[in-house]
Amino acid sequence: MKPRVSLLLSLALGAALIASLLLGSVPLSLARVLAALAGGGSEGDSLVVWQIRLPRALAAAAVGAALGMSGAALQGLLRNPLAEPGILGVSASAALFASFVLYFGLATIGPLVLPLAAVAGALVATALVAAAALWTRSVVTLILIGVGLSSFAAALMALLMNLAPNPFSLADMVNWMLGTVDNRSFADLAFAAPFLIIGMAILFAGRKGLAALALGEETAEGLGLDLKRQRLGVILGAGLATGAAVALAGAIGFVGIVAPHLVRPFLRYDPARLLVPSCLLGALLLVLADIGVRLVPTESELKLGVVASLIGAPVFIWIAAQRRLA
Amino acid sequence: MSALEARSLAYHAQDRPLVKDASFALEPGTLTVLIGPNGAGKTTLLRLALGLLAPDSGEALIGGEKAHVLSPRDRARRAAYLPQQRPLVWPQPVRDIVALGRFAYGASPARLSPADAQAVDDAIAACGLGGFEKRAADTLSGGEMSRVHLARALAAQAPLLVADEPVAALDPRYQHEVMRIFERATRAGTAVLTVVHDLPLAARYANRLLWMKEGRIIADGSPAETLTPERLAAVFGVEAEVTPRASDGADVRIIGPSAG
Chain A
1 MKPRVSLLLS LALGAALIAS LLLGSVPLSL ARVLAALAGG GSEGDSLVVW QIRLPRALAA
61 AAVGAALGMS GAALQGLLRN PLAEPGILGV SASAALFASF VLYFGLATIG PLVLPLAAVA
121 GALVATALVA AAALWTRSVV TLILIGVGLS SFAAALMALL MNLAPNPFSL ADMVNWMLGT
181 VDNRSFADLA FAAPFLIIGM AILFAGRKGL AALALGEETA EGLGLDLKRQ RLGVILGAGL
241 ATGAAVALAG AIGFVGIVAP HLVRPFLRYD PARLLVPSCL LGALLLVLAD IGVRLVPTES
301 ELKLGVVASL IGAPVFIWIA AQRRLA
Chain B
327 MSALEARSLA YHAQDRPLVK DASFALEPGT LTVLIGPNGA GKTTLLRLAL GLLAPDSGEA
387 LIGGEKAHVL SPRDRARRAA YLPQQRPLVW PQPVRDIVAL GRFAYGASPA RLSPADAQAV
447 DDAIAACGLG GFEKRAADTL SGGEMSRVHL ARALAAQAPL LVADEPVAAL DPRYQHEVMR
507 IFERATRAGT AVLTVVHDLP LAARYANRLL WMKEGRIIAD GSPAETLTPE RLAAVFGVEA
567 EVTPRASDGA DVRIIGPSAG
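Protein sequences appear in the order of chains A and B. In terms of the numbering used here, the first sequence has 110 at position 110, counting the first letter as 1, and numbering is strictly consecutive. The numbering used here runs 326 ahead of the 1-based position in the second sequence.
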């Protein structure tokens, strides 16, 4: 079952990526896009595909993959189908650090300052939550600490916006909070990649422990799960991957909740087998959403995070209403 | 060598002692029932004995090895544990839940070796769950779910089985079925330690009773030796009649709360 689900999602993702390369201000046919991809084609085509469209499509896929897998892992760890990377305050802290950099105009120092700040914010939040995870045995406490952290980061962010020195800083911060993969380059991708890959590898390595947690933490420990290590691994992995995602695209919500839910029934609800398909579906959803923002004829382009929330929030409510086990 | 040995285990939480100086040793092939009123510290004692909780003092040995030295996996291969609280979050099929019992062997529900699959099938058969393999957990009754959890614990095929109130949600027939599953396991050499609140049931099946009150083990022996109306009144505050059985064990009839 799993290879089939993952295979179908991979094929769909590949098709969506190619479709996304066809979109843009310069009309390019499929043949010209494929030629440019293969290294042929005109210099202009090559530039458009390799410098503008491919990085954008890959950034959307990478962000969706990181959020989808982080969501699946956090839901398994916290045994809560409504969990998401944002629940531990990692997204909010990453966005806060990014806003901070924008507020003081530090982003002009170099192109990497802003992404570095986002990853640093995610890691700070991750470290705080990791310390809390070692200190408390209760998942509810852990979630509440995450919610508190998240609210505090949001409050500080609101404070920064409140005190914004000029409309340009405010606009920058708002852009960051809305989330987009417009104008991303391979340099942006290359910076985020190590965090993304290490984070997702850590999550993947801990997948079997997530299956044991389906029966509760006490049973999981009885089954031979090292609970502390499992928690640290998931929090670190999700922190790194989410930090990289925020660095690439700003705050984008709901992918981490929606993707695991949609694939779960096809995997017999096994939290271990959920990771890879959630990752693929998260990537597919964001690539499709990014195609969507370019197809909608609005004056200024819709932000990816806005569309993701507009679609994701109702789906989230629908999922919450459909829950089978309390 | 004892399957499980507790040496002067003690534990307190928030200045309140929960377990005081508890010692016992379980031999392979015996069914031991831990009895005592609510709040006596039974669950805490089980967790201490399994090394899932670090004691204030004393130590626990599982199969001769110190529990706190064993890795979680090694410990799980020596002792299967069925806790009282078993909250399930996903509506997984029965067979996948039972298969989690093989976790300590590196198995996962999606990937079972032939030996793992055999252990899972045996456990499903032992708990009378044939035909339920593909049913989703949320379509089962409370009693059926209890048997699924028991099957999960049996699937580990560990030399020691520790079960906290395994018959709590079961009707009389399945209460006896579960105790018979334990009996069969002991005949195969497993040491079983279980908490049961139904005293007649405990008296009927146990080889040995561990009596617990206010954190202490106050009596330890066969039902014939330790079951007396006086002790039942002192520990549980009930008035009861005890009739020794010809073969082994005893019949207990609880009349009601003791006067005064």
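For the record, the hints were derived by calculation from the structure and aren't laboratory data. Check the hints yourself; a few may be wrong.
As a list, the in silico BS3-like pairs of lysine-lysine whose alpha-carbon atoms are at most 30 Å apart [as the list claims (entries may be wrong)]:
(1) B/LYS539 / B/LYS392
(2) B/LYS346 / A/LYS228
(3) B/LYS346 / B/LYS539
(4) A/LYS208 / B/LYS392
(5) B/LYS392 / A/LYS228
(6) B/LYS539 / A/LYS208
(7) B/LYS460 / B/LYS392
(8) A/LYS208 / A/LYS228
Keep in mind that this is a model prediction, so the values were computed, not measured.
So, going through the hints one by one against the coordinates:
1. For the hint pairing B/LYS539 with B/LYS392, the CA-to-CA distance comes to about 26 Å; that is within 30 Å, so the pair holds.
2. For the proposed pair B/LYS346 and A/LYS228, the alpha carbon gap of about 27 Å is at most 30 Å, so the pair holds.
3. Between B/LYS346 and B/LYS539, the direct Cα distance comes to roughly 10 Å. Compliance with the 30 Å bound is thereby established for this hinted pair.
4. Distance restraint check for A/LYS208 and B/LYS392: the Cα-Cα separation of roughly 26 Å lies within the 30 Å cut-off, and the hinted pair is therefore satisfied.
5. Our distance criterion of 30 Å between C-alpha atoms is met by B/LYS392 and A/LYS228, whose separation comes to about 20 Å.
6. The suggested pairing of B/LYS539 with A/LYS208 is violated, with an alpha-carbon distance near 39 Å, which exceeds 30 Å.
7. For a cut-off of 30 Å, the pair hint linking B/LYS460 to B/LYS392 is broken: about 39 Å separates their Cα positions.
8. As the CA atoms of A/LYS208 and A/LYS228 are separated by approximately 15 Å, the hinted pair is consistent with the 30 Å bound.
Comparing the model with each earlier hint shows violations of hints 6 and 7; every other hint is respected.
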